[in-house]
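So the sequences go chain by chain: B and F. Each position in the first sequence, counted from 1, maps to that position plus 50 in my numbering. Reminder that position 142 of the second sequence reads as 135 in my numbering, one-by-one numbering, no gaps.
Just to be clear, a hint being listed does not mean it is correct.
With a Cα cut of at most 20 angstroms, we get these calculated SDA-like pairs of lysine to any residue [claimed, not checked]: (1) F/K332 x B/E451; (2) B/K449 x F/R335; (3) B/K443 x F/P317; (4) B/K449 x F/T323; (5) B/K647 x B/E517; (6) B/K111 x B/V100.
From the derived model, a few chain B residues whose C-beta atoms are all more than 10 angstroms from chain F [stated by the list, open to error]: (7) V77; (8) K111; (9) E132; (10) M145; (11) E157; (12) D158; (13) E507; (14) E544; (15) A598.
Hints were generated in silico from the structure; no laboratory data involved. All values derive from a computational prediction rather than experimental measurement. Ideal Cβ placement from N, Cα and C applies to all residues, glycine included.
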Amino acid sequence: MTQLWDFSGGIHPAENKHQSTARPIRVAALPERLTLPLQQHIGEPATTLVKVGDRVLKGEKIADVTNGLGVPVHSPTSGIIESIAQLPVPHPSGMTDWCITLRPDGEDQWVELQPVADYRSLERNQVLDMIRDAGIAGLGGAGFPTDIKLRPPRDRMVATLILNGAECEPYITADDMTMRERAEEVLAGFKVMAWLLRPERCVIGIEDNKPEAIGALRAATEGTQIELAVVPTKYPSGGEKQLIQILTGMEVPSGGIPADIGVMCQNIGTAVAISQLIFEGKPLISRTITITGEAVREPGNFEALIGTPVQHLLEQADLEPDQVNRLVMGGPMMGYTLTTTAVPVVKTSNCVIAATTSELPAPPPEQACIRCGMCAEACPMELLPQQLFWYSKAAEFEKAEHLNLFDCIECGACSYVCPSSIPLVQYYRYAKGEIRVQRAEQLKADRARERFEARQERLEREQQEKELRRKERAKAAAEAQAKKKAEAEKAAAEGEAVDERSAKSALVQQALARKKAKTEAAATAKEPAAAPHTTPKEPAVEKPDLEALEKQLTQAQAKLETMQGMLEDAKAQQADNVDKLERAVAKNHDRVNRAQKALTEAREQLARNTETQTPD
Amino acid sequence: MAFAQQSSPHARRARSTSQVMLWVILAALPGLLAQTLFFGWGNLINVVWCIAVALASEAAILKLRNKPIAFFLKDNTAAVTGLLLGLSLPQFAPWWVSGIAVISAIVMAKQLFGGLGSNPFNPAMVGYALVLISFPVAMTTNWADPALLWQGAPSFIDTLQAIASAQQTVVDGWTMATPLDEYKHKIGSLTAAEVTSHPSFGDGVARGWEWVNAAFLAGGLMLIGLRIITWHIPVSFLAGLGIMSLAFGSNADQYAPLSLHLLAGGTMLGAFFIATDPVSAATSHQGKLIYGAGIGVLIYLIRTWGSYPDAVAFSVLLMNFAVPFIDHYTPPRTYGHHKARRGVPGRTQG
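Pulled out of the complex, with its shape left as it was, chain F reads as follows:
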């Protein structure tokens, strides 16, 4: 009788990487739904297009690298990268802008570093930052205006045409900057009440954005509940942003208020779906707290004093740089030890 030879443990809980990624995709759906409701078909088309490009470019580069294509595509990580880019790009971003973003994310940021698990930077944010710097006009003026959408939303076909034709003039009537951008540029000369009278702010914090953020928050809480992510990064992320906002921007006539920071822009998407990318984030609990807080603080700094409006991407990438350093100095204290062993071996760290 020949018996199977295996190393312990013999029992496993089967929740594979592909299932984890599938849950991430499912958790992002409420946010996508809210985006579609408030901003039109743009993000939905973007998501489909980005996922398609992501899978295609992943397959192509896997073939170049002589890796089993189906085995890696099935892990759903490329799809998640595509999804995240589709969710964060402007609704009317031209197809080639989103295409370049996805290809650079998959090919440059992920596969050229060795594929899944080896990338030091968040692939989606690398792609995002790249197109933001390269095509600043396309990236900052193609945001849909929820106010106009309510009055007469562009149809699916119109949206598709706008994205596919890349004729930005076609959508001039619908596009604008984001509320955060608006606030930052107007608050210098106007009061808070005057700025928020702009239709993009609506009756609440920022028309449409507040619901999108709430939906991503709900999806994020679901991920925490499913133990797919831990609370550390989102909580310290939001705390970092919130504390900075309260400390510096308590005067709404000078700086954007806390509510706007939390509920406009990509805050919740960033906190629960982007910063929590495990591959490029810090590992220990303490490290995650530092990492998340760092992103939150940087977002506030960039949003308030930076010249680019998209703070999440830059903050995440900047903190990605710091991850090896954070990891070196935040290992947990092991059972039976007095202190955690920090730093690198060979150096006495007390």
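Isolated chain B (complex conformation):
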């Protein structure tokens, strides 16, 4: 007997599973059209490999992902590509997305299939590549590419490989019926995964409300080392984190993945898909889906081609159109409502509930939270849902995050038990969305600030360099002047030999000159108009206009700075006028240089003039 642990919280909603287990899995009839979304799971959308009008065979790759995370899309049957257009896809927002529409030709003609005789003779990487090439993504919920999941990061050893057959959501029986009818295939696929990962322990977790499936699996696992762990029925024991806790007693670290604690969880449907790939060579082109709810007369499970419109399946289950009130994709706890039946079955679609008004009634109006704490009792993640609700409602996101808002798995147990009918999960989704938006904006603002600061720094640096250059020039000029002065002094010193007489005559000369200057000054005072005639020999017209040149230089520099700033911004935004701006900057650079040169020359000239003017 496998040791089991319990997880805290959890609820026991009405199961509603018997409706869809009365009939065996039916193969859905070929619809008139198949709609294949290019993005069916987490990751990048695939790129089309076909064009409108092409004829494709069943199992032919029609779209692939070459860059980033993702898996290819295959044609579910043979037919003609009718269009590649934006069509409604299954999504909580009711959005449209790029889809390939295929019109089946009814021949259902396969491409050549290449099953593997003995996968053990292959390299592990070859098998992983095959899994990717077959378009296999997790068939449980998020649809993570299976090959990537099967390559645990950082070479972490997977000690425990878990096959998740808990299927705890009410109504859904796709995994249950698959285990009942295809236990061998489930096991075969599981063994391939076990061969890839070489875990120490292989365990299938299954809730005790599926006795037939348990029986089938027990027979299939007979004589193998695979454990069959029957776990108590409690929602959400099929949640990955909860099942890991039940089966191993360990917790996945917050923000981490199961591989961090040496565990991996795979879905029943994924195992079947791998089995079909290895032993039959078939890519993932169909899946089992539960069609149930009180508005269909013949609920049950269908083997449906990917791309089959939900409307087609509902018709096969004998829908009463006037009875449907709510159409839920997924289970009643975590599923989302559909706006149209035109959406197709994708790789992650496990259930459609066509519910009547009495079956899933509209919730009563929201009342005030009385902090009764029933939500905290039900929370499987041991959060404080009511506190998170208060903070989310009051937009105190920091506090909500502090109370581990992002650990919420949105299982809906809190909303389910809330006596005040508060849509708690909706508040958490809102808060998470707001926090993500704020983070993105913060990142953007940070980048802008960094850019701005870098620019400021650059401008400052340039200013400093300019200042430095100016100082150097001033220093050089001062040195030159000092040298000249020294030379002059030297010359003066050499002239010490001048005799007294000549000195006297010089004194007389000087006195005469002074007298002359005096009279001249008196004359100038009398007739100011005659002033120009007293100016030194060097004419003023030859004196360069320093002020104008300086102004010119400053202007040129300012313009250059503006242009450089514009260029920076353009570069950051990757605008298309970068070249033009670069040329402009270069031009302005020349202008600045020219202006600088002109100014320097002017200064030198001025300096020369001043020197000549200065009486020694």
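Chain B is already provided as a structure; the job is to place chain F on it using the hints.
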């Protein structure tokens, strides 16, 4: 075809707030029955009167606040507040005393703070504390004496007259202080045996009170069984009171014994019906344990060394003050985390 658009989960378990409150009312009925049996019609009349005043004042203030009256009255929370006050007020409390208590509970303690779910203090206990401080004589001398009731119980009409006329002299022969009060004031000069020879103690712990407390205990256990309340607050409440009583009052000639603390006064009503008011109590399991234990300890302190006899109301209100603080420091450890994140964001708490 237009389909209903709804956020998950689509399934719900329908036990509304009004149903929860209805269960609380039902669970309190054994206690009310015991009170009526041992103390006469007083509490029953009080309960009816208090519920009527509670609904009327709730309706009036909802109208003032422009809120849908029927929608909020239907949640039964006002009725529960009225019921709890009716159960805890003295049997012969004059009608205006109980009326003031209910009105201040509903209007001041509940609606002025924003209505259901927003009140930081237990409304019933705010009302109780207010009239206790304002009208100490009416609140402490109007308790019925079970001993006299057995000899010749006042009829329904007499009781109604006593409550309606507010002539306290009329009921002088029937009224008295509670056994706890009696014990506290007499034990200073008398021995335990002398004190308990007073007729109000009867043969057991405290005549009548022990049965009333047992009935509330039964109703409380029912609430736990129905998962309407969790065990944390009542258990830590009683444990806090019990441990204090054993630690300090092991000598019955000095302090009231454990049995009296547990089975006299409003202990069980307080532990299962009043302290567990979810709106004003702590939220996490650990927080509830601290909150309940705090009330139990405070009850012992107030009963033993305080000057007011009604410890439950003050203890609950004092711990209501501490709830935000307790809540900050007692969040549970979330799945996948090493430690609980205590305190407020922005501060490193290890």
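Hint-by-hint comparison with the structure:
1. F/K332 x B/E451: 15 angstroms, holds
2. B/K449 x F/R335: 11 angstroms, holds
3. B/K443 x F/P317: 18 angstroms, holds
4. B/K449 x F/T323: 14 angstroms, holds
5. B/K647 x B/E517: Within the cut-off at roughly 16 angstroms; holds.
6. B/K111 x B/V100: 9 angstroms, holds
7. V77: 26 angstroms, holds
8. K111: For B/K111, whose nearest Cβ neighbour in chain F is about 34 angstroms away, the distance exceeds 10 angstroms, so it holds.
9. E132: 24 angstroms, holds
10. M145: Its Cβ never comes within 10 angstroms of chain F, the nearest being 14 angstroms, so this holds.
11. E157: 33 angstroms, holds
12. D158: At roughly 31 angstroms from the nearest Cβ of chain F, B/D158 sits farther out than 10 angstroms, so the non-interface label holds.
13. E507: Given a closest Cβ separation of 30 angstroms, the condition holds.
14. E544: Consistent with the label, B/E544 stays out of reach of chain F, its closest Cβ about 80 angstroms off (over 10 angstroms).
15. A598: Label holds. Min Cβ-Cβ 59 angstroms, cutoff 10 angstroms.
Hint check: no violations occur; every hint is consistent with the structure.
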